[in-house]
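From just these sequences and the hints, can you work out the full model?
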Amino acid sequence: MGWIRNLRSGAVVMAVVLLAACQATGKGSLPGVAGQERIVKVDRLSLEVPDAWGGEVRCAAAMGCRLVVVEHETSMLVLIQLGPGRSARVLDKQKLAYHPDGAAWLSDDLVVAAVEASQSLDVYRVEEGHLRRVEQIVVGIPPRDVMVASAGQGRYRLLATPYSGKTVVWVDYVPGEPTATRINRREWCEGPWHPERLPRAPGAPAGGVAVACLDDQKVVFVDDDDLLGEPRTLMRVPGQYRIVSRQAKVSPSGRWLYVALETGERNIRVDMDSGELQWLNLPRIGAVSVVALKDDLVVWGDDLDLYFQRFGPQGEVLETRWLPVGGFATELQLQDVDGDGQEDLVVLHSGSLPEKKTGVEVIYGPLWERAEVR
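Residue numbers (this note's numbering): 364 to 737.
FYI, nobody ran anything at the bench for these hints, they're computed from the structure.
Among the clues, some could well be false.
[Stated by the list, open to error] Once the Cα atoms are required to be at most 30 Å apart in a straight line, the calculated DSBU-like pairs of lysine-lysine come out as:
1) Lys-529 <-> Lys-581
2) Lys-581 <-> Lys-657
3) Lys-458 <-> Lys-529
[Stated by the list, open to error] DEER-style ranges, computed between Cβ atoms:
4) Asp-472 <-> Gly-446: 36 to 46 Å
5) Ala-514 <-> Gly-446: 21 to 31 Å
6) Pro-568 <-> Glu-593: 42 to 52 Å
7) Thr-596 <-> Ile-648: 23 to 33 Å
8) Pro-565 <-> Ala-425: 32 to 42 Å
9) Arg-518 <-> Arg-496: 14 to 24 Å
10) Ser-527 <-> His-493: 12 to 22 Å
11) Asp-588 <-> Pro-541: 26 to 36 Å
12) Pro-565 <-> Glu-679: 14 to 24 Å
Note that beta-carbon positions come from the ideal geometry of N, C-alpha and C, so glycine has one too.
Okay, structure coming up:
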């Protein structure tokens with residue numbers, strides 16, 4: 364499994380890639396220094412955020428669109444304003460303990476980072492564009508991901524999943540009331556990375572939370588009605604295949620759960636009504652990330668490439684298109700960050716070519732039309 368661990372970290376990238384051409388003056392590049400900004404009209408924005416293992420974009424009327432992201436090796440939490448005119452500006456950076464792996468928004472002014480060395484979830488308040496740490500929640504595992512499972516009336520239920528091992532941690536958190544924090548540990552599966560909220564699942568019409576298990580070759584699920592209960596298996600890769608289930612993401616309607624398999628030359632989708640599993644043929648050895656544009660139109664992330672696939676009703680590949688990227692595309696998020704009515708794609712790279720220094724890319728829509736046939 365050592366070579367797979369190297370793939371996960373994106374430490375070595377063994378190719379050269381040319382990024383997409385820009386509409387006018389060329390591709391924008393954002394130096395990793397607070398307060399610097401370059402405004403250009405581009406098809407793609409590349410941000411110098413080295414080893415961007417995890418993060419999230421959030422858009423709201425009062426603040427526009429902001430990205431919170433971690434720099435894994437430099438141990439930084441970074442707040443970036445994605446502004447008008449397809450521009451970007453670093454608002455703040457704060458030092459974390461060694462090896463932060465993920466970050467998420469709790470609200471418009473609260474963010475949380477998952478940090479391995481401190482085995483904690485570090486909560487920061489955003490005040491006038493600056494990050495101020497308000498709490499550190501020790502969870503007792505080295506968290507790879509943090510997910511906001513529910514929020515309401517100033518209370519948050521968070522899920523921290525580990526870099527390795529089986530133990531996940533549920534955290535009931537009330538900002539400003541540390542004595543009200545409640546922690547529950549549960550055993551799920553080996554390497555449960557990138558939890559995903561599902562609006563429904565077979566036998567669970569109200570939905571719940573699913574996660575792909577890297578080292579157990581399956582996807583497990585817990586029902587919203589019993590989040591602390593035993594997880595059940597939604598999908599298991601047949602035993603004769605040695606395949607790493609890297610990430611699972613649901614389609615826009617909730618009909619399909621798409622599963623990126625890091626090896627094996629095929630991916631999988633699971634019907635969330637019937638439970639049927641369909642194998643999906645790939646042009647590559649595997650994929651490490653996924654996001655669905657439509658129920659039958661999916662983007663897969665790989666090393667230095669994204670590939671778009673349109674599927675038929677039985678999972679047959681109808682068309683494949685490509686977009687090059689500047690690193691190991693470990694996380695994909697759809698969001699209209701420039702307000703033009705088209706979904707844009709935010710790509711986080713856990714590793715990139717040294718000369719590119721591209722940890723984050725924002726690829727502006729229309730995405731399918733921009734992708735190329737090879």
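Now the hints, each set against the structure:
Restraint check: the Cα-Cα separation between Lys-529 and Lys-581 comes to about 13 Å, which is no more than 30 Å; the hinted pair holds. Taken as a hint, the Lys-581 and Lys-657 pair is honoured in the structure, with Cα atoms around 24 Å apart against an allowance of 30 Å. Simply put, Lys-458 and Lys-529 have alpha-carbon atoms about 28 Å apart, close enough for the 30 Å limit, and the pair holds. Checked against the given bound of 36 to 46 Å, the beta carbons of Asp-472 and Gly-446, roughly 18 Å apart, lie outside it.
Separated by about 26 Å at the C-beta atoms, Ala-514 and Gly-446 satisfy the suggested range of 21 to 31 Å. Roughly 19 Å separates the CB atoms of Pro-568 and Glu-593, a value that falls outside the hinted 42 to 52 Å. Under the hint 23 to 33 Å, the C-beta atoms of Thr-596 and Ile-648, about 25 Å apart, fit the expected range. Restraint check, Pro-565 to Ala-425: a C-beta distance of roughly 40 Å satisfies the suggested window 32 to 42 Å.
The hinted window of 14 to 24 Å between Arg-518 and Arg-496 holds, with their beta carbons roughly 20 Å apart. At about 34 Å, the CB distance of Ser-527 to His-493 disagrees with the hint of 12 to 22 Å. Restraint check, Asp-588 to Pro-541: a C-beta distance of roughly 28 Å satisfies the suggested window 26 to 36 Å. For the pair Pro-565 and Glu-679, the beta carbons lie near 23 Å from each other, so the given range of 14 to 24 Å is met.
Of the numbered hints listed earlier, those contradicted by the structure are 4, 6 and 10.
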